[in-house]
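*Asks:* When you get a sec, could you build the whole thing from the sequences and use the hints?
Residues per chain, in single letters:
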Amino acid sequence: MKFSWKWLVELSGTDVSAQEAAAVLSAKACETEVGDDGNLEADILPNRPDLLAHLWLARELASLTGGKFRGPDYSLNTGGDAVRVNITDAAACPRYSALVVRGVTVGPSPESLKMRLETLGLSSVNNVVDVMNVVMLELGQPLHAFDLAKLQGGITVRMAAKGEKLTALDDARTEYGLDPSVLVIADGSGPVAIAGIKGGASTAVSGGTKDILIEAANFSPSVVRAGTARLNLRTDASVRFSYGIAPAMTVSALARAAQLLKDVAGGTAESAAVDAYPHPSKPVTLMLDTGYVRGLLGADVDDDAIARILSGLGFTVSGSGASMSVAAPVWRTDIRRQEDLIEEVGRVYGYENIPSRAPVVYAYDEWGWLNEDEDVPWDEYGFIRERTVLAHRLAGMGYAEVYNYAFISDELKEIFGLTTLRELAKPQSEEYRYLRPSLLPRLVLNVRDNLRFANVVRLFETGHRFTGDGRETSRLALAVGAKKDTGELFFELKGAADLMLQEMGITDIQYDDVPPFAFATLALWCAPGRAAEVKTGNGTAVGVVGLLHPAIAAKLKVRGAVAVAEFDLRTLIRHAQGEREYEPLPKYPAVERDISMLVNDDVRIRDILQTIQRADASDLVRDVDVVDIFVPTGDEKLAPEFSRHEYGKSVAVRMVYRSDERTLTDTEVTAAETAIKKALQDELGALIR
Amino acid sequence: MDDRIRRIRDAAKKEWEQLRDAAELELAKVRHLGRKSELNELLRGLKERAEEERREWGPKLQNLRQELEDGFRTAAEKAGGVAAKVADRIDVTAPGLRRDRGHVHPLTQAQESINAIFSSMGFRVLEGPEVETAWNNFDALNIPPDHPARALMDTFWLKGEDALMRTHTSPMQVRFMQAHQPPFRIIVPGRVYRNEATDATHEFQFHQVEGLMVSRRGADGVSMANLKGILEHFYRRYFNDPGIVVRFNASYFPFTEPSVEVFMKAARGKLAGRWIEIGGAGMVHQDVFKAVGYVPGEFQGFAFGMSLERPTMLKYGIDDVRLFHGGDIRFLRQF
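Line by line, the protein sequences give chains A and B.
Start counting the first sequence at 1; every next residue gets the next number (our numbering).
Start counting the second sequence at 1; every next residue gets the next number (our numbering).
Misleading hints may appear alongside valid ones.
Stated by the list, open to error - Partner residues are not named here, just some residues of chain B that face chain A (Cβ under 10 Å, in silico):
#1 THR108
#2 GLN111
#3 GLY122
#4 HIS147
#5 MET172
#6 PRO189
#7 ASN195
#8 ILE230
#9 ALA250
#10 PRO254
#11 VAL260
#12 ILE329
#13 ARG333
Claimed, not checked - Simulated crosslink set (DSS-like; lysine-lysine; CA at most 27 Å straight-line):
#14 LYS150(A) x LYS210(A)
#15 LYS114(A) x LYS262(A)
#16 LYS413(A) x LYS159(B)
#17 LYS36(B) x LYS60(B)
#18 LYS6(A) x LYS68(A)
#19 LYS159(B) x LYS426(A)
#20 LYS150(A) x LYS162(A)
#21 LYS47(B) x LYS36(B)
#22 LYS290(B) x LYS282(A)
What the hints contain is simulated information worked out from the structure, not anything from laboratory work.
All values derive from a computational prediction rather than experimental measurement.
No residue lacks a Cβ here, since even glycine has one placed at the ideal position from N, Cα and C.
*Replies:* Here it is, written out as structure tokens:
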């Protein structure tokens, strides 16, 4: 809100500059800046509606800078009965005060009044309306003037009936359709104003107006907010009521208005205001433990200083020590508990005077850690650290980490064939409508987009994914894209996955053909027969590695080949934590021998490895490495070794034989090797070369 | 010919007598004895000469070569090293073999150092769910349905569910306190969502780090002075600047009382000398303690929240927050 610096100086008696005032207010009350015209722009905090008024900001400023605040010199009796006021819901309208002023002369305002309004961005209407506005700016209490002659009967404050209408007092004479969510001021003829938001045209003050009724009411913030939202209409008054202003304000605002009207429009105010105030609010008095003040702030502010600060802000203080009694001023509706008082003390004492101090701590949680297996809905540091280490490992392998938005579009949902997704009620844009059930759709887009800048793109992401059953889990997704398909992409990604898992200490990983209904729906995104399910030793599926389905790639206009993988991060990391065991170093030398064979196309590497394992009766094989796989293409198939037989490919494995008890003899190794070769021939029909 | 021999000898001798550097000597040796040297040309030209000449000049030239080799060798030994043969030298300015480098996202890196610093101060690091209940995100934090702050948060609600994308990391305060009794100290880094228009400084998805430290109420209880101390220590470590100071300005949050805005001022580097707003903080509101089932008045402590993006942008001079979620390799490559 904008504040006139001149006016603030008048009211506060401060002798600091506008810049100094802004700095002090920013530190201790609300963020304040000095505008180009030398006036203040203050960002009033939600708990300080009182400061939306020059008078109370001036009071704050006076107490913060040592100025001599000149309080109100006007007052007014209540108990008048010029109009009958009926409040149907005291929660929606806690107080309705009104004052009749007779014999005013409506006309232009004096220049000084016009100037004051215009400085603050309001245009002058006439002397009566201008007084209403200037009192609002001064005291924070919105006022409304009705032409008394145009009011029919008494005033009723009630919710509007369905179908009621009101023509607003604005230049366009906008007609608002009302309903029971909107609070109105009604006379015998119907609504004459939208409570706390806008006056009506039918009862407006005009050139011929002689007698007026000034309304100073208090409306519930939530009711005014609801009305503002319903009618899409915000006004200076509605902003103030939405903050929630003190009901105590009404009568002094009427008194101030009467005082000003007498000067600028003549007229005689009735001696007493009408005041409907069903449940008068009582001043709040709190017991303040000054030891708690020092303990919570961590500052050595003594009892005298505490009392002085609070009195300076208008609080009434009595007693001291653990039983200081503090009564809040009527305009401070935000003061409800001790901590509210401590905040007052803290900010005025000066947060800059609070020292930086190390806390007195326990070296560890008294209550210990939760059991790792307990199914808590959060992740602990162990998991977070592992994930970070993983990120560095993947970066070491040439993968770049991306962060994506957690939402996907209808189009991605369609292309990836996703169903039962959770959805935002009001998405930011169509691009971000559904909660991602997997990290891959967006990661594939990242690959596509980055292939414009690079021939090969390697990316990964970790993050939450959300499924239709309401669950949220951590995932790790990887993708490799290449402009030119070398045919090696699957193995490149599998190799990276292998290395990553090994570094995590997971060694019991198997890759299997993807069964139907595998690791979520992921496998469906891969080309048929070109995806593997990744399983741990006990058969738990932890992820999928595969080549992106060409149909998906085509729809997304990916220029190149893409391999993708996704893992359940929590399962992976938990599994890794239980792994890794020391193996004694070998005492005896190992013997390496290669076996080279031709096998049919349908013989898989795993068949060969398992056959070798089974045939190793003497348990001498320590390791088997596949060193070469050659699948002939085109003319190569015509070479004698392939054309003569059914054989589809040649495979070479390097065998490592070793015993933990003795140095192996040549005879022993040969015997073991012979048995293995025989098994390969018998069981797999291999031709040993 | 004798003249040429003398000239060659003199020139070479001059060099091995004057040069003190092994590498330079080696180069000089190549000039005088190498393939393109005058001496070598004479030797090569010898076979086209007449027999007599060959017999006369051959031994002389060979002697000269021997003399030069000895001279340079002795000089090189004196120079204190055996110079590398030029043929074995590596052009150290040629590029190394290219390895594809990967990249850890700048926000992961920031997160990592923040976690490490707080962890070293004994804070537990936790991450919570991103889809939350309205109760955890609002009600328990003293933001009832009617509260204006609720409307200000621009919440993404989920369609057909009583759930939302958390608007801050504070709901983890609620989850954690429901399961634990003080004393404790935790930080909660994580992703949060606000349904607002994006520009260079606004995102609808960003990250926060929440801090919460609670003790029993008392003179030694966790205080605002501790909040200042912890944050100051953190920023000093994070920006590697022991001169950093922290300032609080009065503010308002429904879940803290008193509430403050946190500013820091660096002593060196590109951020030096100006106050930078860095987060919100305050002393945990007793209504929050009440909501999680604590007896009001028994405990006291602080909570703070800061954006992860902001200090990262300050640290690297990044001018557009949207780059973090853009997935552009040209951006990521720089980290």
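*Asks:* It remains to establish, for every hint, whether it holds in the given structure.
*Replies:* Hint-by-hint comparison with the structure:
Proximity of THR108(B) to chain A holds as hinted, the smallest CB-CB distance being about 5 Å (cut-off 10 Å). Because the beta carbon of GLN111(B) sits about 8 Å from the nearest beta carbon in chain A, less than 10 Å, this interface hint is met. Satisfaction of the interface hint for GLY122(B) is found here, the shortest Cβ-Cβ separation to chain A being roughly 6 Å, below the 10 Å cut-off. This hint holds: HIS147(B) has a C-beta 9 Å from the nearest C-beta of chain A, less than the 10 Å allowed.
Interface hint status for MET172(B): upheld, as the beta-carbon distance to the closest one in chain A is roughly 7 Å, under 10 Å. For PRO189(B), the shortest C-beta to C-beta distance to chain A is roughly 8 Å, which falls under 10 Å, so the interface hint holds. Satisfaction of the interface hint for ASN195(B) is found here, the shortest Cβ-Cβ separation to chain A being roughly 6 Å, below the 10 Å cut-off. The interface hint given for ILE230(B) is met, as the beta carbon of that residue sits about 7 Å from the closest beta carbon of chain A, less than 10 Å.
Because the closest C-beta pair between ALA250(B) and chain A is about 4 Å apart, less than 10 Å, the hint holds. This hint holds: PRO254(B) has a C-beta 8 Å from the nearest C-beta of chain A, less than the 10 Å allowed. A hinted interface residue such as VAL260(B) counts as satisfied when its beta carbon comes closer than 10 Å to some beta carbon of chain A; here the least separation is about 6 Å, so the hint holds. At about 4 Å, the closest approach between the beta carbon of ILE329(B) and any beta carbon in chain A falls short of 10 Å, and the interface hint on this residue holds.
Among the interface hints, the one on ARG333(B) holds; its C-beta lies about 7 Å from the nearest C-beta in chain A, closer than the 10 Å criterion. Using a Cα cut-off of 27 Å, the hinted pair LYS150(A) and LYS210(A) holds, with the two alpha carbons roughly 11 Å apart. Restraint check for LYS114(A) and LYS262(A): the C-alpha separation of about 17 Å stays at or below 27 Å, so the hint holds. A C-alpha spacing of about 16 Å is found between LYS413(A) and LYS159(B), which places the hinted pair at or below 27 Å, so the restraint holds.
Between LYS36(B) and LYS60(B) the CA atoms are separated by roughly 19 Å; this keeps the pair inside 27 Å, and the hint holds. Taking the CA atoms of LYS6(A) and LYS68(A), the gap is near 15 Å; set against the 27 Å cutoff, the hint holds. For the suggested pair LYS159(B) and LYS426(A), the alpha carbons sit about 8 Å apart, so the restraint of at most 27 Å is met. Only pairs whose Cα atoms come within 27 Å are accepted, and LYS150(A) paired with LYS162(A) is accepted, the gap being roughly 24 Å.
For the suggested pair LYS47(B) and LYS36(B), the alpha carbons sit about 17 Å apart, so the restraint of at most 27 Å is met. A C-alpha spacing of about 25 Å is found between LYS290(B) and LYS282(A), which places the hinted pair at or below 27 Å, so the restraint holds.
When held up to the earlier numbered hints, the structure conflicts with none and fits them all.
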